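6 protein chains.
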Amino acid sequence: MFYHVKELQYRAKPERPDPLFAKQLQEILGGQFGEISVALQYLFQGWNVRGNGKYKDLLMDTGAEELAHIEMLATMIARLLDGAPVGDLEVAAKDPVIGAILGGMNPQHAIVSGLGAMPVDSVGNRWTASYIGASGNLLADFRANLNAESQGRLQAVRLYEATTDRGVKDMLSWLIARDTMHQNQWLAAIYELEAKENVVVPSTFPRELEKQEVSHVLFNYSRGNESATGRWANGPSIDGNGMFSYVENPVPHGKIPVLKPAPPYIHDTLPSVLNTNLVPPNMC
Amino acid sequence: MFYHVKELQYRAKPERPDPLFAKQLQEILGGQFGEISVALQYLFQGWNVRGNGKYKDLLMDTGAEELAHIEMLATMIARLLDGAPVGDLEVAAKDPVIGAILGGMNPQHAIVSGLGAMPVDSVGNRWTASYIGASGNLLADFRANLNAESQGRLQAVRLYEATTDRGVKDMLSWLIARDTMHQNQWLAAIYELEAKENVVVPSTFPRELEKQEVSHVLFNYSRGNESATGRWANGPSIDGNGMFSYVENPVPHGKIPVLKPAPPYIHDTLPSVLNTNLVPPNMC
Amino acid sequence: MFYHVKELQYRAKPERPDPLFAKQLQEILGGQFGEISVALQYLFQGWNVRGNGKYKDLLMDTGAEELAHIEMLATMIARLLDGAPVGDLEVAAKDPVIGAILGGMNPQHAIVSGLGAMPVDSVGNRWTASYIGASGNLLADFRANLNAESQGRLQAVRLYEATTDRGVKDMLSWLIARDTMHQNQWLAAIYELEAKENVVVPSTFPRELEKQEVSHVLFNYSRGNESATGRWANGPSIDGNGMFSYVENPVPHGKIPVLKPAPPYIHDTLPSVLNTNLVPPNMC
Amino acid sequence: MFYHVKELQYRAKPERPDPLFAKQLQEILGGQFGEISVALQYLFQGWNVRGNGKYKDLLMDTGAEELAHIEMLATMIARLLDGAPVGDLEVAAKDPVIGAILGGMNPQHAIVSGLGAMPVDSVGNRWTASYIGASGNLLADFRANLNAESQGRLQAVRLYEATTDRGVKDMLSWLIARDTMHQNQWLAAIYELEAKENVVVPSTFPRELEKQEVSHVLFNYSRGNESATGRWANGPSIDGNGMFSYVENPVPHGKIPVLKPAPPYIHDTLPSVLNTNLVPPNMC
Amino acid sequence: MFYHVKELQYRAKPERPDPLFAKQLQEILGGQFGEISVALQYLFQGWNVRGNGKYKDLLMDTGAEELAHIEMLATMIARLLDGAPVGDLEVAAKDPVIGAILGGMNPQHAIVSGLGAMPVDSVGNRWTASYIGASGNLLADFRANLNAESQGRLQAVRLYEATTDRGVKDMLSWLIARDTMHQNQWLAAIYELEAKENVVVPSTFPRELEKQEVSHVLFNYSRGNESATGRWANGPSIDGNGMFSYVENPVPHGKIPVLKPAPPYIHDTLPSVLNTNLVPPNMC
Amino acid sequence: MFYHVKELQYRAKPERPDPLFAKQLQEILGGQFGEISVALQYLFQGWNVRGNGKYKDLLMDTGAEELAHIEMLATMIARLLDGAPVGDLEVAAKDPVIGAILGGMNPQHAIVSGLGAMPVDSVGNRWTASYIGASGNLLADFRANLNAESQGRLQAVRLYEATTDRGVKDMLSWLIARDTMHQNQWLAAIYELEAKENVVVPSTFPRELEKQEVSHVLFNYSRGNESATGRWANGPSIDGNGMFSYVENPVPHGKIPVLKPAPPYIHDTLPSVLNTNLVPPNMC
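Chains as they are written, first to last, in my numbering: chain A, 1 to 284; chain B, 1 to 284; chain C, 1 to 284; chain D, 1 to 284; chain E, 1 to 284; chain F, 1 to 284.
For the record, the hints were derived by calculation from the structure and aren't laboratory data.
Be aware that a few hints might be false.
Identical copies look the same in the list; a pair holds intra-copy or inter-copy alike.
[What the hints assert, rightly or not] Subject to a maximum C-alpha distance of 25 Å in a straight line, what follows is the list of computed SDA-like cross-link-like pairs (lysine to any residue): (1) Lys-260 x Val-247; (2) Lys-211 x Asp-239; (3) Lys-260 x Ile-98; (4) Lys-196 x Gly-167; (5) Lys-13 x Tyr-265; (6) Lys-13 x Thr-164; (7) Lys-196 x Phe-244; (8) Lys-255 x Tyr-191; (9) Lys-94 x Arg-16; (10) Lys-255 x Arg-223; (11) Lys-169 x Asn-225; (12) Lys-260 x Asn-275; (13) Lys-196 x Gly-53; (14) Lys-13 x Arg-223; (15) Lys-94 x Tyr-265; (16) Lys-196 x Asp-239; (17) Lys-169 x Glu-15; (18) Lys-169 x Arg-11.
None of these values were measured; they are calculated from a predicted model.
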């Protein structure tokens, strides 16, 4: 259950309106790695944990915090949109700044949301749950979280570089710091789980059931051997179960497949029309 | 540039058709963490690397391999659909197996693809590029890749558990082994980049520009202190830049925001109608 | 800012697992009118209110409550999935119940979420922000909310009818009651705003700027005059600004449009090829 | 069955081309609350009515009219795109108007549609049936329709404010008037159904089956009591079945849920790894 | 402008309900090549024709007819859903037919649409305008239309094979016949345009501006020479502008690209970290 | 299985950066008819061919080539983004070119991809598999391919017109030429299949099972007889099975449908409320 307080986690007030930056800032609110994504990803992971304890609590702590970040960004975006202009481009373009704003801002910020934030990214794609996941396997999911916080901090930093507004920079410096913590915390949790299990997810699948002869092999499918020099092609594997090796000229281990004709009620192209010319000898 | 050979990387032949499993197997072909996702993710990351060398080569090697995995799965799915039934449920349901197949299979496998694989997941969602990313920052992206291979191997293992077909299990044991390698290789690359840079992405943003006082703090937003006992709340931070701490009762650092009225041409609800009742003292 | 407590708003415990009902119940979690939709819709409306006071507070109260409903449903779904079977249909179908479960359950509940709830609807469509809106005009938005609660309660009632599990029915009886309240509250707020403004949204657009001669006219575009007998075609209009009327044989008020040819650099079909045969006399 | 006449319902001719406004005007053609949405929503509702008579006829009348509105907007947009420029920005930007047009117009209007209207909104999102609904319950659906016409008229009004073109304003004044009628007509139909049934949808669910003790209660989940002063927290409920009340400090009615471990074949994190630290006493 | 009559173009009445077939039949209503797709595709193409005459009229004739087909299918689906069961699977599965229906039907047909048709395909994907197009070039668009009618008739035929209901077959035999006509008519229009222009779209781009040395060459990128025997690799090209030829071992015509480093404010991986190992001699 | 070489099929180097054109060029990389679409469409068609021989080989040859085109476009876009500016619009807009770039470029090219290409179209819609198809019927699918190459070449030509950069034009002249070949080759394959089968897809459905009396009839649903003069309304049908005819005043062949009431557990509007006024005599 959730309680809300109206105070913000941290202040969200720009020095001046900037409708174009409002559009860009939507990326970390409603984009692939924005705050809606991390909030819902952490909450769903938390709700699905089959057990209680510190991992579940950590997920719920952080999920609830990300809701507060959505709120901060929504507030900042509404303020960046204060008094955003509408009007004829031909008139407006006499002032190049106004012209560029009218051409560059997200028109839905005026027409649809009435100068409010939206659950969309910086080009207007609506947020979708295709961005997130919760698998029931915490090591897998904490890696998803580390990725989300890495991409998210990178985007926040790029936005920081793109403005001179001290109010915006102030808020971003808070969010960037929290992303620092969140990368740190998922790393700490990952290290702990990797130590308890193994670095390969899931750790519970018996290794003898996989084709272990290719479990530590790099196949060179892109001409050029630069990748042969990497750690991933030399020495013991990271999971401690083998030695890395490199195959310069990988060959197929299967044959050319031949599919059976479809039954007549499917109305695929008939075999008589398909008319296979030649069947090479190595077909299966 | 790409060359194709018609032999499969590894064989993809089931013992017998199974249209319901064909539907399920679509998950690792066209789902969020399926082979289309990793193929296109690695290729786009590779094409966007601004420099050449071993990382780019590794991305292209692996991206090209994943194309071969799409091919294997597409072949397997087509064969699992061999002779899939259509027909009246009422007639079919006299045989419970046929009834369950007709009710459970993906109807598009008959109606749309004519017994062929589709770029969809196990419930029929079309593949979307919302699943993938390439940021230009390789540490961020290799974490995305590690996540994808972790989720992907987990799903392949779950599918392995769900069938007794030895042909399907044989192919899955190959794919699972390759996922083992791919987790290993991205881990190797990640460790190398973390050593060269720092564990926090991006490493190039000056730490003094972020609010460092909250860069290593866990805020307890979900009642219960289980998370206070974790490594993430105690000891030096993973990034080596501070000490973890825990705030049991986090308070807001901002005030209640009050947004300015919209201009009349936006036709939001008028301030006179909105009629704020009481303004608490701590509004900003 | 948000705080979470781990206790549920109301209990969410079924008598027994039921993976097929778990799939159906996803509709009111992650469907078009599910709890994610109302939670995010109310929160975004609240954050975008340009003023404070009772309407904003009501939105935040209710938005926070809907987060608790997501949590209840996620918990219930995870429990309905307890021990959900996987396995060969041919084997399973010997038990018709198992066969129907394997064919009918959402396969992603096993393969993707590891027996956890997902942000999807009952057929597996991922939740999308295309479902929701916040316009800055509260009368418009409260109508969106009334609609969402009407559709949502209707769906909850249909699900109530589809199960005999007393635990599920118990939880649904709570959610249905809350939907009763939420319909009541949005109605109360709507009546208040309609009294302050007018029933037509937005009320701030000068009526003389619209073509008032068609502001209260029903055009009969579907042959048959049943609709002529309704209140909407007789008597004073609801907005108090005119009298309803009915046009049995509506005629066009415009002419046949003729579009100018495209410039050559667009490479549309050339006018010489388009070759208009005859131009009727009433083209504009 | 449908017949088409080539004359427009009302004229759709701008004074001059304006590619940027063409992009904006797409919102009410192919956006969430645009004419495609209302046309298909009303038609599907009409086709699904299980009975005939005035409600079905009203839906079909209005659905057919909305098809004519799509046509008017498509025509207007094509004309606003007449002779739209393409070309190098660097060259074009010497004329600030041309520069702003090239930067601000929807590039698909040139590249994809060849200066034609598209089934997209003002940022280019393709229209999706996720926007619409038809539930079989007319009171629910008429509320959906009232919402659509409210949002739609609001957007049309905002677009009216954003142009000085008299031809565009003329057409919008027609559409705005029709939205006035459509809000009026759905209100009239809603009042009639509410009088026959009840204001709560669906009216056919026995009230004793819901948890009536919370059917008229406002829970204060967002700190601050402004909402306690509203009509929704005082006096008889709108549905006539109870009295509104207000709970200032809502407490959980459920316990902390503990989920059972997943079976081994799911490969979730093992209970031994999850390792619950402490189980608070009030878990269920 | 459109007029509607309530009579159907052709009857749509099944012999008996069949909720599973209702789900499958959705494919040709709301799927990629269903009736919504062709209706809106033809209408948008018609509205965007920059000229009048027979092509535009043909598009509008056929677009309006497809609206009638949506209506027929919506009616048929509602009737196939008459009295569709809901209820506990465990109870229901004692009757294998009921069990298979509950497991196999689209649950939204009960929960969401109240036994009505929906704008979705046979697995429940919502219809999206991503399925359709209108380019302004009629030869291109008529090819899109021919494709849509080919895929659509194929799907209708597959559905015809999947039922024994004489009422359903009767209606499908009408739709299949209309698809026959529509394939015929688009072919007739295509032949006419190809004769006036050229078979290559667009015909207005000067051939000397393309790299004509590869305008009629088949590159063998998939090992095996079966394709060398086709008409497309031998003899005069179809467009009459050259001779087909075949390149057995295609080589790259470009060099290995090296991208410049990103500016620091982008925070991509630094060149010093990327650390290119070896630069092959043929990079550009 | 696939091998990659790092050399490009053809060079992809602009004369100078142009972030706005980079955004536009995304259309033919990740748009509806872009290179991702054709690559995956041809590959899936190839993998699903139930037989081997020249058609399958042709599909695989061309699918592999399209992967190389994605690569060329990705490279070109990254270079067009070299050093793309970020920054305050107000500062930037003093230089109208910079202002127009900041307003007009895709902000995700800076924030999300770090100056790299993305799998999106020119307005930022993520690529979706809803764009493509593989039906198992090659004549249907080759028509899909001909359509894709027609739309794709048209878009490439429009982009060619929109730039003066000789490097971009050089690359486009290659792609346009390849589209010429691909239109030619699918035409050649189509003619061959049409000769073997019939022009109507699928050719295997017995003609006597369709309502042949309407298989060659044009119904005039859009007032005006221009379409009566076309080839499609006169003379022998293209499929050789009949004579075209024209019906000036098409009448319904069905009756007004009346749907049965829904069962009570669906909670649709009750028949007593629906209250059909009058039932016209020709209802079925």
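We went through each hint and held it up to the structure:
1. For a Cα distance limit of 25 Å, the shortest separation of Lys-260 from Val-247 qualifies neither inside one copy, at 33 Å, nor across copies, at 30 Å.
2. In the homo-oligomer, the alpha carbons of Lys-211 and Asp-239 lie at most 25 Å apart inside one protomer (15 Å), although the nearest pairing across protomers, at 37 Å, exceeds that limit.
3. Within a single copy, Lys-260 and Ile-98 get their C-alpha atoms only as close as 64 Å, which misses the 25 Å cut-off; across copies the closest is 21 Å, which meets it.
4. In the homo-oligomer, the alpha carbons of Lys-196 and Gly-167 never lie at most 25 Å apart, since the shortest distance is 44 Å inside one protomer and 33 Å across protomers.
5. For the identical chains of this complex, Lys-13 and Tyr-265 are inter-copy neighbours only, at 23 Å across copies versus 65 Å inside a copy, given an alpha-carbon limit of 25 Å.
6. Taking the shortest Cα distances, Lys-13 and Thr-164 sit within 25 Å of each other inside one copy (13 Å), while across copies they are farther apart (33 Å).
7. In this assembly of identical chains, Lys-196 and Phe-244 lie within 25 Å of each other by CA distance both inside one copy and across copies; the values are 23 Å within and 22 Å between.
8. For the homomeric pair Lys-255 and Tyr-191, neither the shortest alpha-carbon distance inside one copy (42 Å) nor that between copies (32 Å) is at most 25 Å.
9. Proximity of Lys-94 and Arg-16 under a CA criterion of 25 Å is satisfied in both settings, with 22 Å inside one chain copy and 18 Å between copies.
10. With identical chains, the CA atoms of Lys-255 and Arg-223 are at most 25 Å apart both within one copy (23 Å) and between copies (13 Å).
11. For the identical chains of this complex, Lys-169 and Asn-225 are neighbours neither inside a copy (44 Å) nor across copies (33 Å), given an alpha-carbon limit of 25 Å.
12. Taking the closest pair of Cα atoms, Lys-260 and Asn-275 come within 25 Å of each other only inside a single copy of the chain (13 Å); across copies the shortest separation is 49 Å, beyond that limit.
13. In this assembly of identical chains, Lys-196 and Gly-53 lie within 25 Å of each other by CA distance solely inside one copy; the values are 16 Å within and 35 Å between copies.
14. For the identical chains of this complex, Lys-13 and Arg-223 are inter-copy neighbours only, at 22 Å across copies versus 53 Å inside a copy, given an alpha-carbon limit of 25 Å.
15. In this assembly of identical chains, the alpha carbons of Lys-94 and Tyr-265 lie at most 25 Å apart only when taken from different copies (21 Å versus 66 Å within one copy).
16. Proximity of Lys-196 to Asp-239 under the C-alpha cut-off of 25 Å is found in both arrangements, the shortest distances being 13 Å within a copy and 21 Å between copies.
17. When the C-alpha separation of Lys-169 and Glu-15 is checked against a cutoff of 25 Å, the pair qualifies only within one copy, where the shortest distance is 10 Å, while the shortest distance between copies is 36 Å.
18. Taking the shortest alpha-carbon separations for Lys-169 and Arg-11, only the intra-copy value of 11 Å comes in at or below 25 Å, while the best inter-copy value is 41 Å.
The structure does not agree with the numbered hints 1, 4, 8, 11 stated previously, though it agrees with the rest.
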